[in-house]
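K.L.:
Sequences are here, hints too, so could you generate the full structure?
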Amino acid sequence: MTSSTILKTTSLLLVTLFLIFSFFLLWRGHDEPGGGFAGGLVASSAFALYTIAFGAVGARQNLVIDSRLLIGVGMALAAISGIPSLLLGDAFATGRWADVEIADREIHIGTPLLFDIGVYLAVLGVVVTIVFALAEEED
Amino acid sequence: MDDALLILPMLVPLLFACLAIAVLRWRHVQAALTILNAAILIGLGIALMVVVWDERVIVTQVADWPAPFGITLVADLFSAIMVLLAAIVGFSAAIYSAATIDDRRALYGYYPLFNILLMGVMGAFLTGDLFNLYVWFEVLLISSFVLLGLGGTRAQMEGAIKYVVLNLLSSIIFLTGVGLVYGMAGTLNMADLAVRLRDVEDEGLVLVVSMLFLVAFGVKAAVFPVFSWLPASYHTPPVAVSALFAGLLTKVGVYALIRVFSLLFAEDQAHVQDVLIWVAGFTMVTGVLGAAAQNEFRRILSFHIVSQIGYMVMGLAFFTPLGYAAAIYFVAHNMFAKTGLFIVSGLSHRLLGSFELKKLGGLAKHSPEVTLLFFLCAFSLAGLPPLAGFFGKFALARAGFEAEHYIIVGVSLAVGLFTMYSMTKIWAEAFWKPYPAELPGDFQVRRRQPGMLVMTIPAVIFAALGVAMGVAAGPVFELLERAGEQLADPSGYIAAVLGGEPE
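Each protein sequence line maps, in turn, to chains A and B.
For the first sequence, the positions run 1 to 139 when our numbering is used.
For the second sequence, the positions run 1 to 503 when our numbering is used.
Among the clues, some could well be false.
[Said to hold, decoys possible] DEER-style ranges, computed between Cβ atoms:
| id | chain 1 | residue 1 | chain 2 | residue 2 | range |
| --- | --- | --- | --- | --- | --- |
| 1 | B | ARG104 | A | GLY58 | 49 to 57 angstroms |
| 2 | A | ILE102 | B | TRP53 | 44 to 52 angstroms |
| 3 | A | ILE102 | B | ASP102 | 44 to 52 angstroms |
| 4 | B | LEU168 | A | THR16 | 36 to 44 angstroms |
| 5 | B | THR176 | A | LEU13 | 44 to 52 angstroms |
| 6 | A | ILE130 | B | THR176 | 24 to 32 angstroms |
| 7 | A | THR5 | B | PHE131 | 46 to 54 angstroms |
| 8 | B | LEU289 | A | ALA133 | 24 to 32 angstroms |
| 9 | B | GLY152 | A | LEU13 | 53 to 61 angstroms |
| 10 | A | ILE109 | B | ARG154 | 46 to 54 angstroms |
| 11 | A | HIS108 | B | VAL29 | 37 to 45 angstroms |
| 12 | B | ASP202 | A | LEU13 | 33 to 41 angstroms |
| 13 | B | TYR182 | A | SER3 | 48 to 56 angstroms |
[Said to hold, decoys possible] Going by beta-carbon spacing under 8 angstroms, a handful of chain B positions derived as facing chain A:
| id | residue |
| --- | --- |
| 14 | ALA4 |
| 15 | LEU5 |
| 16 | ILE7 |
| 17 | LEU14 |
| 18 | LEU15 |
| 19 | ILE21 |
| 20 | ALA22 |
| 21 | TRP26 |
If you are wondering where the hints come from, they were derived from the structure by calculation, not from laboratory data.
From the three backbone atoms N, C-alpha and C, an ideal C-beta is built for every residue, glycine too.
P.N.:
The following block contains the structure:
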């Protein structure tokens with residue numbers, strides 16, 4: 001494991017930036033380039049960078065929840081996002097949208113966003129699990 | 001209602017897989033969830049059967065994208081039957097897993113993958129889209145790769161590598177075929193393709209594509225000459241995995257072959273028929289000869305899977321309703337008998353500590369229940385009346401005579417005799433030979449060890465189903481012939497997917 005101060009300092013900055021960018025990708029993803037998969041990959045590269053700078057133990061703590069559980073939660077969210085339309089009598093995974101007003105701004109949200117969040121979490125979970133496993137093998 | 005019925009067989013296993021991940025540490029909770037999942041799938045399979053009973057084809061367009069643009073899920077009689085059969089195999093294998101899978105495998109995700117495998121199988125049976133079929137194949141293959149390798153023993157790794165390499169190769173061939181089809185017809189919806197492939201001018205190219213699919217699905221179904229991955233890998237993982245694979249994986253390949261050649265390449269059947277019959281004959285013969293040379297319980301069974309696949313391809317090759325019906329009957333009978341036999345091999349391993357026939361013996365004297373279970377499954381496989389296998393072969397022979405393919409019928413009957421020979425070999429060695437003297441400990445103690453009862457339940461289920469299929473062969477065949485007619489005349493299927501009246 002490296003203990004370079006330069007790497008540690010810059011990676012903290014970059015990790016924040018990466019995570020914010022990943023949220024941005026996730027949010028715009030339905031109608032524009034981006035989405036849960038791309039967002040999840042960017043977020044997992046943030047964790048990968050953190051792992052390189054601080055080691056797997058620290059990264060695990062920062063993730064708070066077990067990375068394998070993240071896969072399950074993500075897959076479950078993605079699967080569940082299709083159910084509302086089924087209950088309302090449409091085909092599975094038909095998009096349901098609503099305009100919600102938050103702080104004077106209309107926000108267009110719907111079940112595909114939930115699907116994207118699920119994909120985001122599942123991708124993050126898979127990649128981070130692999131990164132941790134590789135990093136711990138090295139230690 | 002149809003919408004829910006068609007998506008739930010995939011959705012339920014996915015959600016249960018997620019739940020199983022959440023309780024990775026508790027092996028028994030995972031096992032209970034998996035059994036519950038499979039039980040729900042059996043319920044869904046029965047519901048599907050009820051809905052399609054009157055030859056209604058039910059369809060849903062996922063996310064409301066109309067066919068042929070979106071992904072279509074379809075169930076006709078054939079699909080519904082396969083869903084129900086797969087759910088039964090999954091249920092029994094889950095029970096067997098609960099008694100035999102250790103903590104370490106459970107911790108590394110055995111049960112979530114088990115559920116995902118079931119999801120992939122269900123998806124493959126229900127999809128009406130060629131690319132989606134590819135996706136489900138990948139889902140079930142990738143989970144099967146891990147299930148096969150999980151545990152990481154040397155033998156397992158060796159088997160898994162062969163399995164992975166050949167199956168990935170077949171996936172690439174499948175994908176190439178899908179690409180060519182899309183280039184020719186501009187659609188991947190199977191019902192739409194059935195219409196459009198008729199009008200493609202370049203008949204040669206259609207034939208090429210059909211051969212690509214034959215090879216791709218042939219590898220998955222383990223037909224001659226691309227079956228070598230199966231006997232190289234099926235005897236390496238825990239018995240629960242072998243049993244699950246024996247019941248499900250090759251059958252998905254057979255399903256895809258029947259679906260594709262009855263629906264998409266209906267025009268080409270005359271060209272394909274000879275190839276299929278040769279493939280069927282060689283598969284039967286090489287499989288059964290391979291088995292005759294083996295002396296290990298599970299290896300013999302693995303080679304017999306190959307041999308039996310030949311019968312299913314033979315049923316397909318006639319392209320008659322009776323041929324299809326016989327093929328489906330054979331698939332069902334084989335799923336029960338073969339999975340049951342693998343579980344019996346696990347039972348005898350638990351009792352005597354070996355899969356080698358040389359080291360087995362005395363089961364007939366000391367364990368009559370295992371002996372009875374083996375007898376029912378094995379001699380059903382060999383085609384002894386009144387067990388299910390006999391009626392399967394009888395129907396195939398009749399279909400063959402009606403289609404005037406006498407040679408293949410002769411071959412299939414001769415192979416039946418050789419099957420009997422292999423089964424008799426196990427029968428004589430493991431069951432009637434004297435109890436191996438060098439084995440330490442008291443046999444009765446082993447017989448009463450914990451888990452033995454749970455391990456026996458799935459074998460009982462399969463033996464009972466095998467007998468039931470034989471006793472009720474009449475009504476079963478009535479149903480299957482209707483399924484076969486549906487396959488032989490796909491206009492109802494096409495109309496249901498694309499909308500509009502049957503031609």
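K.L.:
With reference to the structure, classify each hint as holding or not holding.
P.N.:
How the hints compare with the structure:
For ARG104 of chain B and GLY58 of chain A, the hinted distance range of 49 to 57 angstroms is not satisfied, since their beta carbons lie about 27 angstroms from each other. Here the CB-CB span from ILE102 of chain A to TRP53 of chain B is close to 51 angstroms, well matched to the stated 44 to 52 angstroms. Range check, ILE102 of chain A to ASP102 of chain B: Cβ separation about 51 angstroms, and the 44 to 52 angstroms hint holds. Distance hint check for LEU168 of chain B and THR16 of chain A: the Cβ-Cβ separation is about 40 angstroms, which falls inside the suggested range of 36 to 44 angstroms.
Range check, THR176 of chain B to LEU13 of chain A: about 46 angstroms between beta-carbon atoms, so the 44 to 52 angstroms window is met. Checking the proposed 24 to 32 angstroms range against ILE130 of chain A and THR176 of chain B shows it holds: the Cβ atoms sit about 29 angstroms from each other. A beta carbon spacing of about 51 angstroms between THR5 of chain A and PHE131 of chain B agrees with the range 46 to 54 angstroms that was offered as a hint. Under the hint 24 to 32 angstroms, the C-beta atoms of LEU289 of chain B and ALA133 of chain A, about 44 angstroms apart, miss the expected range.
About 40 angstroms separates the C-beta atoms of GLY152 of chain B and LEU13 of chain A, a value inconsistent with the hinted range of 53 to 61 angstroms. About 52 angstroms separates the C-beta atoms of ILE109 of chain A and ARG154 of chain B, a value consistent with the hinted range of 46 to 54 angstroms. Separated by about 40 angstroms at the C-beta atoms, HIS108 of chain A and VAL29 of chain B satisfy the suggested range of 37 to 45 angstroms. Taking 33 to 41 angstroms as the suggested C-beta distance range, the pair ASP202 of chain B and LEU13 of chain A does not conform, at roughly 59 angstroms.
At about 53 angstroms, the CB distance of TYR182 of chain B to SER3 of chain A agrees with the hint of 48 to 56 angstroms. Because the smallest distance between the Cβ of ALA4 of chain B and any Cβ of chain A comes to about 6 angstroms, under 8 angstroms, the interface hint for this residue holds. With a least beta-carbon distance of about 11 angstroms to chain A, the hint placing LEU5 of chain B at the interface is violated under the 8 angstroms criterion. Satisfaction of the interface hint for ILE7 of chain B is found here, the shortest Cβ-Cβ separation to chain A being roughly 4 angstroms, below the 8 angstroms cut-off.
A cut of 8 angstroms between beta carbons decides the hint on LEU14 of chain B: the least distance to chain A is about 5 angstroms, and the hint holds. The criterion of a C-beta within 8 angstroms of any C-beta in chain A is met by LEU15 of chain B, whose closest approach is roughly 6 angstroms, and the hint holds. With 8 angstroms as the threshold, the beta carbon of ILE21 of chain B comes within range of chain A, its nearest partner Cβ sitting at about 3 angstroms, so the hint holds. Taken as an interface hint, ALA22 of chain B checks out: its beta carbon lies about 6 angstroms from the nearest beta carbon of chain A, inside 8 angstroms.
Interface restraint check for TRP26 of chain B: the shortest CB-CB distance to chain A comes to about 14 angstroms, outside 8 angstroms, so the restraint is violated.
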